[in-house]
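Assemble the whole structure, with the sequences as input and the hints as a guide.
Numbered per UniProt numbering, the sequence shown spans residues 1 to 283.
Heads up, some of the hints might be wrong.
[Claimed, not checked] Once the Cα atoms are required to be at most 27 angstroms apart in a straight line, the calculated DSSO-like pairs of lysine-lysine come out as:
1) 84 / 18
2) 79 / 25
3) 51 / 79
4) 205 / 163
5) 229 / 205
6) 229 / 163
7) 84 / 163
8) 77 / 18
9) 231 / 205
10) 77 / 51
No wet-lab data here; the hints were simulated from the structure.
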Amino acid sequence: MYLGQIHSGTEAVQYFSKGIELMLKTLEQRTQSAEGAAAAVLDHEPELTGKDVSVAFCSVAEIFFTDLCMDEGAEDKCKEAIEKALQYDPDNPEAMQLMASYLFSTNSVQEGREFLMRSVALWLPCQRSEAEPSPSGEEEGLGDEEQQQSLIPSYESRITTAKLLVEAEEYETATEVLEGLLEEDDEVVQVWYLLGWACYLQAEKTEEPDTFKDSARTYLTKAKKMFVKLKCDDLALLEHVEQLLEELGPAEDTADSGDEGGALENIGDDFVESSDDEEAMDH
1 MYLGQIHSGT
11 EAVQYFSKGI
21 ELMLKTLEQR
31 TQSAEGAAAA
41 VLDHEPELTG
51 KDVSVAFCSV
61 AEIFFTDLCM
71 DEGAEDKCKE
81 AIEKALQYDP
91 DNPEAMQLMA
101 SYLFSTNSVQ
111 EGREFLMRSV
121 ALWLPCQRSE
131 AEPSPSGEEE
141 GLGDEEQQQS
151 LIPSYESRIT
161 TAKLLVEAEE
171 YETATEVLEG
181 LLEEDDEVVQ
191 VWYLLGWACY
201 LQAEKTEEPD
211 TFKDSARTYL
221 TKAKKMFVKL
231 KCDDLALLEH
241 VEQLLEELGP
251 AEDTADSGDE
261 GGALENIGDD
271 FVESSDDEEA
281 MDH
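Structure below.
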């Protein structure tokens, strides 16, 4: 499995496939022999589970989404890997999110949205509880904290989650995910950009767009400043940020002074808070 992680393309698929083959053989042997499972525990070996197999199939699907996306039959192989991932762990949020991505790419938007929201529902409550202090003021046990953290996908995976949520027009949930990412690291250009983009799109769908426009302007200005600070090279993202800022125009209170970035000192004041309602999770 480690060889699959350090290689790419066809070679990575071959290594992952071999790893999956060995894992399935091990699981089959343990199923057939209770003594073998007991021996593994006595030797303090990490217990292999269906979740491990599911994660490996997700890695294969990712490769067909990216490196091998132009290969013949890539779409079918990608779907097959995702289905296998869900077969071995039906509650794997990564596998559900991959299925959502696949369905969006094939224009099955409603079905994709359902998989996406099921995925988010599995881990977003854990992100919320990490951000909120315990009602009793007592810290949770180390085991509980580690269990919660294990349910939350990686930072990069949650950026992908936010992109898909925006695509699915689940703006409130996207904003909540992105705000959680900012709590962990507030120097990621893409997070600021996605927050601005989500607010911009919301402004187009409401009868009172000014608040969303103000938030979009502030987030996008922050994204542009961070782009320069971090010397990013994603020129397409920068071009879109500048296009959106031009369409939004200067804020009313800075139009005369021309200081569009002046409000950044109190950046939190202009932002639209995500709803605490859990209605978005019921879609």
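Could you tell me which of the hints above the structure violates, numbers in ascending order?
5 and 9
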